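Student: Turn these sequences into a full structure, and let the hints guide you.
Okay, here's what each chain looks like letter by letter:
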Amino acid sequence: MNMHSDVHDHDHPAPAAPPPAPAKPKPGAVVIGFLVLLVGEILVLSNAGVKFPDIQPRNIGTFHVADTLFYVILAVTGFFFFVTQGLLVYFLLRYRARPGGRAVHTHGNHALELAWTFIPGLILFALAVFQTGSWGSMKYTGEFPDEKNAVVIQVFAKQFEWHFRYAGPDGVFGTSDDVTKLADMHIPVDRDIIIKMRTRDVLHSFWLPNVRLKQDLLPGLTIPQWFHVTETGKFEIVCAELCGIGHTTMRAFLIVETEAEFQAWLKQQHETMGDHDPKEDAMWKFWQEGLRK
Amino acid sequence: MEILAGRSAQVSTAHALPGTPHAVAHDVHHHDEPRGFWRKYVFSRDHKIIGIQFLVSSILWALVGGGLAMLVRYKLAWPQAQLPLLGDWLFPENNGVMDAQFYNMAFTMHASVMIFLVIIPALAGGFGNYLIPLMIGARDMAFPTLNMLSYWVMWPAFGCFIASFLVEGGSAATGWTAYTPLSAVELGWGQTLWVIGVILVGWSSIMGAVNYITTIIKLRAPGMGLFRMPMSVWALFITAILQLLATPVLGSAMICLLAERTLHTSFFLPDSVVIGDAYARHAGADGQPLLWQHLFWFYSHPAVYIMILPAMGFVSDILPTFARKPLFGYRPMVYSICGIAGLGFIVWGHHMFQSGMNPYLGTAFMISTMMIALPSAVKVFNWLGTLWGGQIRFSTAMRFACAFVSMFIIGGLSGVFMAATPVDIQIHDTYFIVAHIHYVLFTGSIVGIFGGLYYWFPKMFGRAMDERLGKWHFWLTFVFMNCTFFAMHIVGMGGMQRRIADPMVYEGLHRWMPLNRFMTVSAFLLFLSQILFLWNFFKSIRGGERVGNNPWDANGLEWHATSPPWFENFQVIPTVHRGPYEYASPEVAEDFLPQTREIEKAPAS
Chain A
15 MNMHSDVHDH DHPAPAAPPP APAKPKPGAV VIGFLVLLVG EILVLSNAGV
65 KFPDIQPRNI GTFHVADTLF YVILAVTGFF FFVTQGLLVY FLLRYRARPG
115 GRAVHTHGNH ALELAWTFIP GLILFALAVF QTGSWGSMKY TGEFPDEKNA
165 VVIQVFAKQF EWHFRYAGPD GVFGTSDDVT KLADMHIPVD RDIIIKMRTR
215 DVLHSFWLPN VRLKQDLLPG LTIPQWFHVT ETGKFEIVCA ELCGIGHTTM
265 RAFLIVETEA EFQAWLKQQH ETMGDHDPKE DAMWKFWQEG LRK
Chain B
135 MEILAGRSAQ VSTAHALPGT PHAVAHDVHH HDEPRGFWRK YVFSRDHKII
185 GIQFLVSSIL WALVGGGLAM LVRYKLAWPQ AQLPLLGDWL FPENNGVMDA
235 QFYNMAFTMH ASVMIFLVII PALAGGFGNY LIPLMIGARD MAFPTLNMLS
285 YWVMWPAFGC FIASFLVEGG SAATGWTAYT PLSAVELGWG QTLWVIGVIL
335 VGWSSIMGAV NYITTIIKLR APGMGLFRMP MSVWALFITA ILQLLATPVL
385 GSAMICLLAE RTLHTSFFLP DSVVIGDAYA RHAGADGQPL LWQHLFWFYS
435 HPAVYIMILP AMGFVSDILP TFARKPLFGY RPMVYSICGI AGLGFIVWGH
485 HMFQSGMNPY LGTAFMISTM MIALPSAVKV FNWLGTLWGG QIRFSTAMRF
535 ACAFVSMFII GGLSGVFMAA TPVDIQIHDT YFIVAHIHYV LFTGSIVGIF
585 GGLYYWFPKM FGRAMDERLG KWHFWLTFVF MNCTFFAMHI VGMGGMQRRI
635 ADPMVYEGLH RWMPLNRFMT VSAFLLFLSQ ILFLWNFFKS IRGGERVGNN
685 PWDANGLEWH ATSPPWFENF QVIPTVHRGP YEYASPEVAE DFLPQTREIE
735 KAPAS
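Residue numbers (the working numbering), protein chains in the order written: chain A, 15 to 307; chain B, 135 to 739.
By construction, these hints were calculated from the structure, which means they are not laboratory data. A few of these clues could be false.
[Unchecked claim] Okay, the calculated beta carbon distance ranges per label pair:
id	chain 1	residue 1	chain 2	residue 2	range
1	B	ASN492	A	GLU294	34 to 40 Å
2	A	PHE132	B	LEU300	52 to 58 Å
3	B	GLY476	A	PHE132	17 to 23 Å
4	A	ARG108	B	THR348	42 to 48 Å
5	B	ILE480	A	PHE132	19 to 25 Å
6	A	HIS78	B	GLN235	56 to 62 Å
7	A	GLU294	B	VAL639	30 to 36 Å
Since the model is a prediction, treat every value here as computed from it, not as a measurement. Idealized CB from N, CA, C, for every residue including glycine.
Tutor: Here it is, written out as structure tokens:
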């Protein structure tokens with residue numbers, strides 16, 4: 015309430031009574047605390063063979079912007095981390111009580127308040143604007159690739175399994191040549207993939223740690239996502255939303271193959287399953303149950 | 135009736151002040167002070183006793199919550215090992231190895247106990263009750279009987295939580311967020327008792343909030359303008375408003391969930407949900423699973439601020455006292471609390487970026503969330519400004535307050551990652567989030583609570599806690615909490631999802647097992663370090679050093695009262711002449727200038 019008393023800052027009268035003796039200061043204790051922490055964790059990490067840039071799972075997809083933004087934010091917050099922690103430690107060491115000392119009597123500084131409101135404000139706003147486009151490109155359905163040129167897969171979740179369904183040779187879902195697969199999601203490399211996801215029971219979350227894709231599934235809704243992978247191999251699919259007692263084991267694999275391998279796999283699956291009435295297909299029944307409404 | 139009587143006595147003494155108030159005050163004292171043990175210490179209407187009751191039950195529940203955390207950490211470090219001591223007794227059919235259902239229950243109840251029975255009751259119930267009347271110069275709360283009720287409603291809630299552990303199937307196991315449909319369809323009484331318990335805690339919160347708001351608006355001592363109130367009172371005031379506005383929403387949602395579980399309504403379940411082989415609801419049911427998340431987070435996001443704002447208030451009081459320097463930017467500090475509270479109501483959607491909510495909404499919530507970092511940044515800079523140019527005396531309370539500032543910076547900055555929607559896609563539901571919430575709630579709120587306890591303990595009991603033990607407690611806590619929680623950022627970035635019972639199931643997580651064990655050992659040591667605190671706290675109540683009414687040379691009205699304050703706090707309601715942060719004032723020779731001290735107009739120098 016006394017912002018006006020800034021005028022007293024420099025011309026307070028000399029204190030008559032010395033303040034009581036201060037507690038014994040421990041210079042550098044904060045620094046030691048942080049060092050213990052830092053050394054401890056670096057030791058553990060290096061024992062486990064993990065180096066800094068490898069901390070995140072390898073990104074095999076095209077959503078690199080998520081990683082870029084991560085490191086931009088790490089740089090910005092890292093800067094403010096060191097500035098503020100540095101000032102804190104410096105002030106604690108520099109301004110410990112001294113016999114006969116007296117603190118500066120000030121209630122604040124208007125210019126400083128404006129500076130540390132508007133500068134972080136602008137930085138935060140810039141970060142916010144910077145990312146809107148990339149979020150849209152990953153999540154807005156209007157920005158999804160064209161379904162005609164993409165591989166469309168139905169993803170179906172139940173406690174505690176992932177099922178995947180492909181349209182088969184005719185490219186149409188709900189016909190006798192549909193292919194369904196439990197726990198392995200085969201996709202071709204370098205193609206746009208569109209998945210349409212549905213859950214039969216509780217919430218699940220479809221997470222591809224190596225693609226930077228995560229999306230919750232909601233009963234009663236079909237939720238589409240898209241992604242694009244540029245590397246072949248076998249990667250984990252994780253359920254990231256607590257879904258009950260078997261949540262931990264609700265895992266599947268993403269198997270990325272070349273286009274030829276993928277088509278061969280599809281053909282072979284189709285032959286194994288043969289032509290069948292889609293209404294008898296357990297997966298199709300689940301899918302329809304999701305549409306009971 | 136008693137409520138009214140208490141209040142009119144308050145008003146009459148306040149008015150009688152300039153004359154001879156002593157007789158009046160004395161009179162009130164003799165009429166009201168309860169004599170018997172039960173009326174004085176158990177079913178007490180005295181805000182100080184109620185505050186201490188809240189604090190002590192929070193400390194005891196913290197042991198339960200902490201113990202559950204140890205079970206969680208043990209499972210994550212050695213997922214297939216037999217649980218020592220308890221294993222054979224709890225899991226005889228599983229060779230003493232903790233099963234997934236028990237693990238789900240352990241982390242659910244760890245969070246529920248810590249949030250609903252420890253942090254919120256300690257901050258709002260404990261410190262709010264104890265400090266508000268003392269700091270604004272009132273004799274008691276506006277509604278003392280309601281106040282007593284707000285504590286005793288906690289006991290049925292305690293009963294529900296305890297009973298939930300004992301019923302068949304165990305306690306709630308669907309996460310403290312209790313997302314539907316899982317929480318609606320899980321069998322067993324555990325989840326139902328959890329719901330009832332949380333409703334009761336919410337009821338207690340609402341009664342407390344009404345009381346705090348009324349007390350602060352109506353019962354301030356003469357001269358105590360709103361902008362002369364200490365930051366703790368401001369923070370508790372804004373917190374109470376948040377509680378009053380948000381808790382009814384949680385209560386309503388919980389009642390809907392209770393109906394969902396017991397009456398098979400369909401607020402949250404559509405008709406297509408199949409559990410086992412049967413439909414969970416009749417055809418035509420059109421509940422919305424997302425409705426739960428919206429209602430839950432509409433409360434629980436403000437609740438995050440309910441759990442941190444009071445601690446910020448304590449820190450804003452402790453730093454000036456020990457830096458012997460006025461709080462830097464008092465009004466910006468007040469406005470930033472108001473800003474956090476206001477923005478806190480329009481950011482709940484950032485918990486739901488990946489929930490299936492319309493992604494356009496995600497963009498809107500991302501921008502409001504980015505902006506809420508701003509008032510927090512203003513607070514950090516002002517705390518640093520308070521330390522600048524000070525004469526810093528170190529005490530345990532001051533160490534915890536400085537640690538709060540340092541740790542809150544980490545918790546605040548890690549929030550920026552999650553606010554960024556494209557980054558959140560990857561780190562949502564991973565240990566990065568777990569790290570963030572623990573940096574806010576443990577190294578923030580709990581550290582703030584420790585600071586507050588060491589600081590106001592002499593006021594509560596007339597004796598100080600042991601500083602040497604306090605110093606050990608501080609350093610062990612500081613080191614081990616960072617070892618425990620900082621590493622969580624790393625495994626979270628590394629792709630470890632939260633709420634899994636066995637990281638070894640995932641090949642990508644094998645490389646994090648050494649770090650998981652490091653965190654677990656640190657967590658055990660962190661837990662053990664709290665023995666120093668417990669010993670110090672309970673021993674010092676009777677055996678601590680007597681330190682007088684104002685051991686820290688502080689300015690606030692609470693230090694004007696005796697230690698411990700007598701039944702109605704003040705012999706005479708004090709008159710307030712200035713704000714609470716006049717340290718190193720040029721007007722007096724001492725380096726502090728209490729709010730109550732009257733100075734004759736000095737001749738112009």
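Student: All hints are to be evaluated individually against the structure, with a verdict given for each.
Tutor: Evaluated hints:
1. As the Cβ distance of ASN492 (chain B) to GLU294 (chain A) is approximately 36 Å, the hint placing it in 34 to 40 Å holds.
2. A beta carbon spacing of about 56 Å between PHE132 (chain A) and LEU300 (chain B) agrees with the range 52 to 58 Å that was offered as a hint.
3. Between GLY476 (chain B) and PHE132 (chain A), the C-beta spacing of about 19 Å keeps the proposed range 17 to 23 Å intact.
4. ARG108 (chain A) and THR348 (chain B) have their C-beta atoms about 45 Å apart, which keeps the hinted 42 to 48 Å range intact.
5. The beta-carbon spacing between ILE480 (chain B) and PHE132 (chain A), approximately 21 Å, falls within the hinted interval of 19 to 25 Å.
6. As the Cβ distance of HIS78 (chain A) to GLN235 (chain B) is approximately 40 Å, the hint placing it in 56 to 62 Å is violated.
7. Our hint of 30 to 36 Å for GLU294 (chain A) and VAL639 (chain B) holds, since their Cβ atoms are close to 33 Å apart.
Hint 6 alone, counting from the list given before, is not met by this structure.
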